[in-house]
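**Q** Using the sequences and the hints given, assemble the complete structure.
Those sequence lines, one after another, are chains A and B.
All residue numbers for the first sequence refer to my numbering, where the first residue is 199 and numbers rise by one.
All residue numbers for the second sequence refer to my numbering, where the first residue is 24 and numbers rise by one.
Among the clues, some could well be false.
To be verified - FRET-style restraints, in silico, Cβ to Cβ:
no. : chain 1 : residue 1 : chain 2 : residue 2 : range
1   : B       : Gly99     : A       : Leu242    : 37 to 43 Å
2   : A       : Glu752    : B       : Asp114    : 18 to 24 Å
3   : A       : Ala501    : B       : Leu138    : 18 to 24 Å
Just so you know, these hints were derived from the structure itself, not from any lab.
Ideal Cβ positions, reconstructed from N, Cα and C, are used throughout, including at glycine.
The residues making up each chain are set out below.
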Amino acid sequence: MSTTHATEGIDEALASEHGRPPLNRVYEWLTTVDHKKIGLMYVLYALVFLVIGGSEAILMRIQLAVSNNHFVSPQVFNRLFTMHGTTMIFFVAMPVVFGCGNYLVPLMIGARDMAFPRLNAFSFWISAFAGLLLYFSYFGASGLYAAGSAPDVGWFAYAPLTARVFSPGHSTDYWTLSVFLSGVGSIGTSINFVTTILSMRCKGMKLSRMPLLVWLYLVMGYLVIVAVSPLTAAQIMLTLDRYLGSHFFDTQAGGSAVLWMHFFWIFGHPEVYVLILPAFAFVNEIVPVFSRKAMFGYPAMVAASVGIGFISLSVWAHHMFTVGMGAAANTFFVFATMVISVPTGIKIFNWLATIWGGKVIFATPMMFCVGFLFQFLIAGLTGIMLAVAPFTWQLGSSYFVIAHFHYVIVGGILYGLFGAFYYWYPKVTGRMMSETLGKWHFWLFTIGFHLTFDFMHIPGILGMPRRIYTYEAGRGWDIWNQIVSVGTIFQAAGTLCLVFNMVWSYYRGKTAGHDPWDAWTLEWSTSSPPPDYNFAIEPTVNSRRPLWDLKHPEDPDSDYEL
Amino acid sequence: MSISRRRQSKSCRTEGPGHRVPVVCALWGLSVQAHAANASSPTNMFNPAATPAQSIYSVAMFVLAITLAIFLVVAGLLLYALIRYRHRPDDADIEPAQIYGSNQIELSWTVIPILIVVTLFLATTRVILETQAIPKPADAMNVTVIGHQFWWEYRYPKLGVVTANELHIPTTDPAHPVPIYLTMTSADTDHSFWVPRLAGKMDLIPNRVNTMWMDPQQAGLYLGQCAQYCGTQHAKMLLRVYVQTPADFAAWVSQQKRPAQQELGGSSAEGQTVFMHNACISCHTISGTAATGSFGPDLTHLASRDTIASGAVQNTPENLRKWIDNPDSMKPGSLMPSMHLNSHDLDAITAYLSQLR
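**A** Right, dumping it as structure tokens:
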């Protein structure tokens, strides 16, 4: 969109900034309240932790590649899986979806920033500090007892293992504080998302015309507020237990270990949807553009997303099928868990119908979405198996569960994110990413993913529990664990392709222009990268695909949408 | 069936060479899992040997069949759509027909999954009720299971037997089943009892009593291990369940009810003195002696067990001596401290404990 008279002054001021010394540029990033800069910082911060958490996974896979291995000690291994899980959920997955949303939501609703820019900056920095605090535990957690360094209680930190008698020193305190602070940041950001989406939309953008991505971030925002609050409260309760003599989870004084499980999983399961809804969001934008068709069944997709938001709050105790809740409670949570597969299925079918009759272009973003569709389908089906409580009496806490949720998180969420990286990178940097490297990334990562996570189901069926630092030979687990470990090499190589591609393309990539994918949503109407003010004039929309209307004035969407 | 809106539209597409549809590797499937079922593993859940494991196996096969069918249909359609509707280089430069949706189609792929869900739910509920909501027979055998960091305590209240780490239970006659009920709790952190061939897992949680049952029909040794992370040595908290014929089981019980071996000579008598004069007695019980600790396993009939350290190593005099010398060398993080005994005392105490049949 052309720059108007009103913004010329701003542009000049910005142009002069580029001549500033580097220290000023750093200062500008540290103090920024611009949603795009904060979004990028979220994503880069998450990518750094992705490399750290991934390295932890590789160390664990080296240890488990053969039976009776002594590559790391049990203490080190237990810290590795605790840090891997905590890092990947709280300091990779959450910040990266918040970062993408921060960048995209205002652009897609035609706004100039988030509703609360300072809250936005605060949320980012408090979350960033939480991640640093978690890793500082490696240096600072020994305490008077010189006991342990990083936390080793597992990422869901079941009571009473976190009580001071079982976890002396300060490692658990670092875990608790970092999860608490990350929770504060998450809730702050989510309040911002909800407010922005409800009150900052441009002219003509009724709720029924919002891009699906924005709808999904709205649902996600509500879910975070509802689900992260109990977890954050539980961290305070745990700290009270550890230092002020309360007995919420202290079983030796009559507290309840099961209470902690409820607190954790009323967060933990909606959390899965908090992370997968943004992945759905990216797929909702990418699949139509690369199939050259409007999204099939927009109202059904919105209804399914809202439905998932509600149902996901009533399934948490399927993580507790083996704690002895009794037949009635087990049956209820079986039903609730199975029901959620209905709206999830509707989504998959609508994506299928969007592709059907289209002209599918297999550019890298679409490749990752295709990977997402197949892998998320499988993840959903193993999810149905685990919803069958008796099946979970066997498979719960086994490697089958690990394989299942990595299928969701890597095969689903991460593939959606990779697709999003390739799709919006041109908007963010003004340059295209290399397609050749993108294909290398896709194929290496996909081969690695399937080697690792397909074969990981099998040792679970053969009785291998999670969180064991070694196992004896003769259980029939060796060969599967070797294949699983080999897969990580391919995944690491694929990830290197991505990192190299992002850096190389930033300097050498083809110039992208406003709208390299011939897309339809508002962010593609402004320059790449967008100016600080996003849009010179507030856009006006008449349909869900404003740029389609602009490109096809003879045949606008607004004539057809209900 | 009516499609709500459709139209064709022209647009100038400037780029986008056609790409061959990549073959998406979906290696997952029943083939892999069926292969797993054939693999030889003593802890294969698909090789059940008692009713609870058997009913899980049946419902699992049913669920696998349904999910496989869903996978084949949906993945097949997806693959077909991606290949059939790929962009071809010789395509005309117009956008495809824009289709916005169809209420009938949406309704059909809402209702059909609901029917599948109801079917699965009913099949599942049946197994839950069969396993968790049946009354306990009056003649059922009771065993109390207490989880410790990082070992298992077993108490047979009606038989007056206490043992550790190796659970002995009798086979049951299918015509007149007498299930074994495990009453479970934990002395410290959460644990989980999982012997895949006999039953699904059940957690042992402090301050809470859970129960589970099993009715093995085939004598043999069934393996498993703790399935809830419980601390440093969670990995070596192994389970060994010895299912014996009623006669063998009765013999085992009468042997376990005997007081500890008292007729000791030479080195083993000296070993007893070493044991009783060290902190061993604070944690271990040997019935009929001053040793009445309950923090560690009961050692009254230690020598009758095949393994030590909760199944981690074979119970040989060499291993036993190494264990007493420094438990951390075999099981780092084990709560038993090294007593810093000299070589002579180690030999004596090993000789004594090896006598406790």
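**Q** None of the hints should be skipped; say for each whether it holds.
**A** Each hint tested on the structure:
1. Between B/Gly99 and A/Leu242 the beta carbon distance is about 40 Å. The supplied range of 37 to 43 Å therefore holds.
2. Range check, A/Glu752 to B/Asp114: Cβ separation about 21 Å, and the 18 to 24 Å hint holds.
3. The beta-carbon spacing between A/Ala501 and B/Leu138, approximately 19 Å, falls within the hinted interval of 18 to 24 Å.
When the structure is compared with the earlier hints, no violation turns up for any of them.
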